[in-house]
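Number of protein chains: 2
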Amino acid sequence: MTSDDQQRVRAVGRGPKVRAAVHAATLAELVDKGYAALTVDNVAQRAGVHKTTVYRRWEDRESLVVDALTEHVAADIPVPDTGAIDTDLRELAAALVRWLTSPAGQAVLAAMFSDAARLPEIAEARTRVLDDRLRRAEPVISRAVERGDLPAETDPHELLKALAAPIYFRLLVHAEPVDDATAEHAAELALAAAHAGVLRRR
Amino acid sequence: MTSDDQQRVRAVGRGPKVRAAVHAATLAELVDKGYAALTVDNVAQRAGVHKTTVYRRWEDRESLVVDALTEHVAADIPVPDTGAIDTDLRELAAALVRWLTSPAGQAVLAAMFSDAARLPEIAEARTRVLDDRLRRAEPVISRAVERGDLPAETDPHELLKALAAPIYFRLLVHAEPVDDATAEHAAELALAAAHAGVLRRR
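In order, the protein sequences belong to chains F and A. All residue numbers for the first sequence refer to the numbering used here, where the first residue is 113 and numbers rise by one. All residue numbers for the second sequence refer to the numbering used here, where the first residue is 113 and numbers rise by one.
Keep in mind that a hint or two might mislead.
It does not matter which identical chain is used: a pair holds within one copy or between any two.
[Unchecked claim] Simulated pairs of lysine to aspartate or glutamate, DMTMM-like, Cα-Cα distance not exceeding 20 angstroms:
no., residue 1, residue 2
1, Lys129, Asp198
2, Lys129, Asp193
3, Lys163, Glu174
4, Lys145, Asp172
5, Lys145, Glu174
6, Lys129, Asp261
7, Lys145, Glu236
8, Lys129, Asp244
9, Lys129, Asp243
10, Lys163, Asp179
11, Lys163, Asp153
12, Lys129, Asp153
13, Lys129, Glu183
14, Lys163, Asp261
15, Lys129, Glu265
Since the hints were derived computationally from the structure, they do not count as laboratory data.
For reference, chain F alone in the conformation it holds in the complex (with noise of 0.2 angstroms):
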């Protein structure tokens, strides 16, 4: 081996460290400082590495945090299936406060909701992510409309939002803690809804 390609072999050994190094960097000064606040030189210093070195590979704050974001933010939020909607949307709920209170959830709510959701590839990113995850979720509903637990014309995609609405809004607007009672609540509040009938394909 030439020292020429130990040297490649280096660099090629620390790229993916180097990178991932300077993603979580990226993410943890998005929470801790937002993003008006975030510099390339704030983020290098954090993940240990030099400013050129990423000035090399990203061009500037915008494009670091998009490679941040578009790569950390699709949540593997686990889908249920306890065999009752009821537990099932408890299951999910919870899933979801589990996730927006984690170190990766909220770095992207850090990020979603700041100035950066101006940014075309955040906004992007975030339809994507709530498109698949309305997506993944779906045959929760579906399987319970077709034990004859819920009205046969349940919408699920109201349903799902109807579930989420009340934590995020407890979590972005009254800037108040979530938790499982959160979680509870607002899988009570959704299959109320349901039963009623108020959540109908349109």
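Model the placement of chain A on the given structure of chain F, informed by the hints.
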């Protein structure tokens, strides 16, 4: 009247106008460009005043935004009394939608859900306004409980939050437009939950 007096009169007369113009320009810049990109220079240019005029009254971008918002954040959302809880809730929800889609409401949202929300004064103003709105709308629910139109144990604040949540969720999380149909849907949802007894005092 001496020339000194005349100067003073002019300055006093111009004061409120400059203040109003700078406030309006600040809110407009918040909507158009967001907090992260807002500069005193751009605000001054939009208001048609020299930037030193702005710096003489406001120390920096932060105090400018805090001042403009705390003065304009209090929305005069009308509180209905139609004699029936379903129409009262529809009216309340429609009034919230009208405010959220008005220029003032959009400026407030643009600031509240940007990095400006990290400023303690903005966070405090948000809490104050939300508490004030809940307090003012409370009689709508109390009257319905007294008439026997809602379960006796209904919590007014829980019901009002259930009413607002789907509207904010659609606007902030899904970034979709809100309209009369959104308001009607929110009212149906909150009413169904209240009748099912899931919005009781805890």
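So, going through the hints one by one against the coordinates:
Taking the shortest alpha-carbon separations for lysine 129 and aspartate 198, neither the intra-copy value of 43 angstroms nor the inter-copy value of 58 angstroms comes in at or below 20 angstroms. For the homomeric pair lysine 129 and aspartate 193, neither the shortest alpha-carbon distance inside one copy (37 angstroms) nor that between copies (62 angstroms) is at most 20 angstroms. Taking CA atoms no more than 20 angstroms apart as the test, lysine 163 paired with glutamate 174 passes inside one copy only; the shortest distance there is 15 angstroms, against 28 angstroms between copies. Taking the closest pair of Cα atoms, lysine 145 and aspartate 172 come within 20 angstroms of each other both inside a single copy (17 angstroms) and across two copies (18 angstroms).
For a Cα distance limit of 20 angstroms, the shortest separation of lysine 145 from glutamate 174 qualifies both inside one copy, at 15 angstroms, and across copies, at 15 angstroms. Taking the shortest Cα distances, lysine 129 and aspartate 261 never come within 20 angstroms of each other, neither inside one copy (49 angstroms) nor across copies (62 angstroms). For the homomeric pair lysine 145 and glutamate 236, the shortest alpha-carbon distance between copies (18 angstroms) is at most 20 angstroms, but the shortest distance inside one copy (23 angstroms) is not. With identical chains, the CA atoms of lysine 129 and aspartate 244 are never at most 20 angstroms apart, being 28 angstroms at best within one copy and 50 angstroms at best between copies.
For the homomeric pair lysine 129 and aspartate 243, neither the shortest alpha-carbon distance inside one copy (31 angstroms) nor that between copies (47 angstroms) is at most 20 angstroms. For the homomeric pair lysine 163 and aspartate 179, the shortest alpha-carbon distance inside one copy (17 angstroms) is at most 20 angstroms, but the shortest distance between copies (36 angstroms) is not. In this homomeric assembly, lysine 163 and aspartate 153 come within 20 angstroms of each other (Cα to Cα) only inside a single copy, at 6 angstroms, whereas the closest approach across copies is 29 angstroms. Only within a single protomer do lysine 129 and aspartate 153 lie at most 20 angstroms apart by alpha-carbon distance; the minimum there is 18 angstroms, versus 41 angstroms between protomers.
Taking CA atoms no more than 20 angstroms apart as the test, lysine 129 paired with glutamate 183 passes inside one copy only; the shortest distance there is 14 angstroms, against 48 angstroms between copies. Within a single copy, lysine 163 and aspartate 261 get their C-alpha atoms no closer than 57 angstroms, and across copies no closer than 64 angstroms, so neither meets the 20 angstroms cut-off. Taking the shortest Cα distances, lysine 129 and glutamate 265 never come within 20 angstroms of each other, neither inside one copy (50 angstroms) nor across copies (57 angstroms).
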